[in-house]
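K.L.:
Quick note, the sequences are listed as chains A and B, same order.
For the first sequence, the positions run 5 to 349 when our numbering is used.
For the second sequence, the positions run 5 to 349 when our numbering is used.
To be clear, the hints were calculated from the coordinates, so they are not data collected in a lab.
Don't take every hint at face value.
[As the list claims (entries may be wrong)] Pulled a few chain B residues facing chain A out of the computed Cβ check, cut under 7 angstroms:
(1) V20
(2) G75
(3) A83
(4) L98
(5) G259
(6) Y288
The C-beta atom is built at its ideal place from N, Cα and C for all residues, glycine as well.
Protein chains: 2
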Amino acid sequence: MGISLKDVAARAGVSVKTVSNVVNGYRHVTPATRQRVQQVIDELGYRPNLTARHLRKGRTGIIALALPELGNPYFAELADAVISYAAGLDYIVLLDHTNGRRDQEVLFAQGFRARLIDGLILSPIELENEDLLARGNDAPLVLLGEREYEAPHDHIAIDNVAAARTATRHLLDLGRRRVAFLGARHGRVRRVAHLRLRGWRAAIAESPGAADGDELVAATDGYTRGDGAQAMARLLDSGAAPDAVFCYNDLIAVGAMRTLTERGVRVPEDVAVVGFDDIDDGRYCSTSLTTIAPHKQAIAQAAVDALLARLDGGDEAAQAEPRHIRPGFALIRRESTLGRPLESG
Amino acid sequence: MGISLKDVAARAGVSVKTVSNVVNGYRHVTPATRQRVQQVIDELGYRPNLTARHLRKGRTGIIALALPELGNPYFAELADAVISYAAGLDYIVLLDHTNGRRDQEVLFAQGFRARLIDGLILSPIELENEDLLARGNDAPLVLLGEREYEAPHDHIAIDNVAAARTATRHLLDLGRRRVAFLGARHGRVRRVAHLRLRGWRAAIAESPGAADGDELVAATDGYTRGDGAQAMARLLDSGAAPDAVFCYNDLIAVGAMRTLTERGVRVPEDVAVVGFDDIDDGRYCSTSLTTIAPHKQAIAQAAVDALLARLDGGDEAAQAEPRHIRPGFALIRRESTLGRPLESG
Numbered sequence: 005m006g007i008s009l010k011d012v013a014a015r016a017g018v019s020v021k022t023v024s025n026v027v028n029g030y031r032h033v034t035p036a037t038r039q040r041v042q043q044v045i046d047e048l049g050y051r052p053n054l055t056a057r058h059l060r061k062g063r064t065g066i067i068a069l070a071l072p073e074l075g076n077p078y079f080a081e082l083a084d085a086v087i088s089y090a091a092g093l094d095y096i097v098l099l100d101h102t103n104g105r106r107d108q109e110v111l112f113a114q115g116f117r118a119r120l121i122d123g124l125i126l127s128p129i130e131l132e133n134e135d136l137l138a139r140g141n142d143a144p145l146v147l148l149g150e151r152e153y154e155a156p157h158d159h160i161a162i163d164n165v166a167a168a169r170t171a172t173r174h175l176l177d178l179g180r181r182r183v184a185f186l187g188a189r190h191g192r193v194r195r196v197a198h199l200r201l202r203g204w205r206a207a208i209a210e211s212p213g214a215a216d217g218d219e220l221v222a223a224t225d226g227y228t229r230g231d232g233a234q235a236m237a238r239l240l241d242s243g244a245a246p247d248a249v250f251c252y253n254d255l256i257a258v259g260a261m262r263t264l265t266e267r268g269v270r271v272p273e274d275v276a277v278v279g280f281d282d283i284d285d286g287r288y289c290s291t292s293l294t295t296i297a298p299h300k301q302a303i304a305q306a307a308v309d310a311l312l313a314r315l316d317g318g319d320e321a322a323q324a325e326p327r328h329i330r331p332g333f334a335l336i337r338r339e340s341t342l343g344r345p346l347e348s349g
Numbered sequence: 005m006g007i008s009l010k011d012v013a014a015r016a017g018v019s020v021k022t023v024s025n026v027v028n029g030y031r032h033v034t035p036a037t038r039q040r041v042q043q044v045i046d047e048l049g050y051r052p053n054l055t056a057r058h059l060r061k062g063r064t065g066i067i068a069l070a071l072p073e074l075g076n077p078y079f080a081e082l083a084d085a086v087i088s089y090a091a092g093l094d095y096i097v098l099l100d101h102t103n104g105r106r107d108q109e110v111l112f113a114q115g116f117r118a119r120l121i122d123g124l125i126l127s128p129i130e131l132e133n134e135d136l137l138a139r140g141n142d143a144p145l146v147l148l149g150e151r152e153y154e155a156p157h158d159h160i161a162i163d164n165v166a167a168a169r170t171a172t173r174h175l176l177d178l179g180r181r182r183v184a185f186l187g188a189r190h191g192r193v194r195r196v197a198h199l200r201l202r203g204w205r206a207a208i209a210e211s212p213g214a215a216d217g218d219e220l221v222a223a224t225d226g227y228t229r230g231d232g233a234q235a236m237a238r239l240l241d242s243g244a245a246p247d248a249v250f251c252y253n254d255l256i257a258v259g260a261m262r263t264l265t266e267r268g269v270r271v272p273e274d275v276a277v278v279g280f281d282d283i284d285d286g287r288y289c290s291t292s293l294t295t296i297a298p299h300k301q302a303i304a305q306a307a308v309d310a311l312l313a314r315l316d317g318g319d320e321a322a323q324a325e326p327r328h329i330r331p332g333f334a335l336i337r338r339e340s341t342l343g344r345p346l347e348s349g
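Excised from the complex, chain A in its bound form (with noise of 0.2 angstroms):
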């Protein structure tokens, strides 16, 4: 039809991103001016035509976001977060997962849907430096999360040492003095709960009195409910008696709250259990869980805007150094460590 945003734009007296938000369904537009653009919309009967748009350039127009799994809210709600914001700057998403696992992971950095993509953000669990060098494709790649690598493309995370230990000190501040840290992982020192662990340390190191022991770090095998789960019913079954948990994800503390029930441990008077990604899981708890929350909003602008600039900025943005960009956290404080206000049962 040949009916752009930038038509729909200037016939409403709005921003492209405001009809752009209207067409993709997003909050922030107010009710008057939804009314307003989707008049116009109708009016000149726009459709979105990505692909045409897109061809003109040589491109597909789509990027791939390649995560660990999308039964992990974390995961889920960052697609969604990613998926929005590219759509407001008329590029679609195609959502594979990996499971996590180090072929797949290969797979999808190596090219795999080369011809169908202009881009790729991938969050790697597995993946080695070497995979990366070993990359035989151009396209551009950004990475997200906690795994840090010497390669040349941009990674976004936010400072996962600095969130551990504003967590953790966070115990420390109640008066807890053995804080356990759930979710490390077997054997692996350079993983990603690497990175949290050492936060975690840090808070202790710098708390006087505080126990420090390898007692109270708890290994997990992956990063579900069933694996916090399990892990805190070891830990209270070693006898380490940790009076706190910073757990690596929300998931692992939910699990971890749950047990704690289970064998009758008040949460927070006994133990007081911090998690981490700040998912709606762990608002509406029984006991409402404290959390580190990521600025997902912020991690997935900056990793679309990273793809695009390296896509739209010609051979001089293609080859500039690559850059690390953290985005904020926040300590979400609630029940599982502060209690409840108002007891009215």
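Given the coordinates of chain A, assemble chain B onto it according to the supplied hints.
P.N.:
Only chain B this time, still in chain A's reference frame:
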């Protein structure tokens, strides 16, 4: 390279499906088989190359899956199941979210991205029958979920009336007499919740002495934990005095349980709670959640199979009568109706 899944399967002496399962990292493969297949993959240097194979058939090898939201674990788990099953058949899945908005659903149904995809699986919330009849596009479309249409498309959904009746009867069998329904939608008789509401009514009608007043039906604006928490609060404040609640989905049930806990109402002693969806969340609540478990794997398989049958079957299959496929469901009994078997606290 020219090495196909079939070559690997032949050399390893296993089925193509097994090779695909290994390549995609799925479960249900023994370690021994996985090792044998991986060895052959390494020997032959097999790399999936979906695009070329599908292009020879005039296809893209991509199916789109349009869901209301990924933030809802039910849809995230369903997406996982569809992506996994499609991958086993060498199809990749482009995941879209509609935000449950009619305009977005119309956009997808009417062939947005038609050149990019071979077919579409859509789970509509607000789409109307007329939208489907006006569809100017002949790419196969399979509908998922509780909305019912009189349009020539295959439709995959469990029997929602029977499932809701089973859930409600479970509560009545426990001796509850004031069973509320949480999650009806405001003024939308033909909407999703209607089938589950009908099942609730049927079970109540069969049970002499059970209260059936409209004061026991609580509407929500959406399907989130927050909606459930608010609706439960309104229900308690209204004086309807329920002794049980059947919730439209698990998220609403989790939110409702949070409100009950805040108010000091015991689950299940004072109010028993049943959800719908069997998301992982419900298993690890402080009070684990009784729920209806739709067979998600079966739903995912039926949807992909129906789509590919239309694609692969030639003219005859393409013009066959639309089919209504009803995967099974199960009632999963947990603490929110049965209580905790052994209190160890």
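K.L.:
Mind checking the CB of A83(B) against every CB in chain A and telling me if the closest is under 7 angstroms?
P.N.:
Cβ of A83(B) sits 6 angstroms from chain A, so the hint holds.
K.L.:
Answer holds if the nearest beta-carbon of chain A is closer than 7 angstroms to that of L98(B); otherwise answer violated.
P.N.:
The hint holds - L98(B) has a Cβ within 7 angstroms of chain A, the shortest such distance being about 5 angstroms.
K.L.:
Please check whether Y288(B) passes as an interface residue: C-beta within 7 angstroms of a C-beta belonging to chain A.
P.N.:
holds (4 angstroms)
K.L.:
Identify whether the interface hint at G259(B) stands, where standing means a beta carbon of chain A within less than 7 angstroms of its own.
P.N.:
holds (5 angstroms)
K.L.:
Return the status of the interface hint for V20(B): holds when the least beta-carbon distance to chain A is below 7 angstroms, violated otherwise.
P.N.:
Since the shortest Cβ distance to chain A is 18 angstroms, the answer is violated.
K.L.:
Hold the hint about G75(B) up to the distance rule: shortest CB distance to chain A must be less than 7 angstroms.
P.N.:
Holds - the Cβ of G75(B) comes within 7 angstroms of chain A, reaching about 6 angstroms at its closest.
Hint violations for this structure: number 1 only, all remaining hints satisfied.
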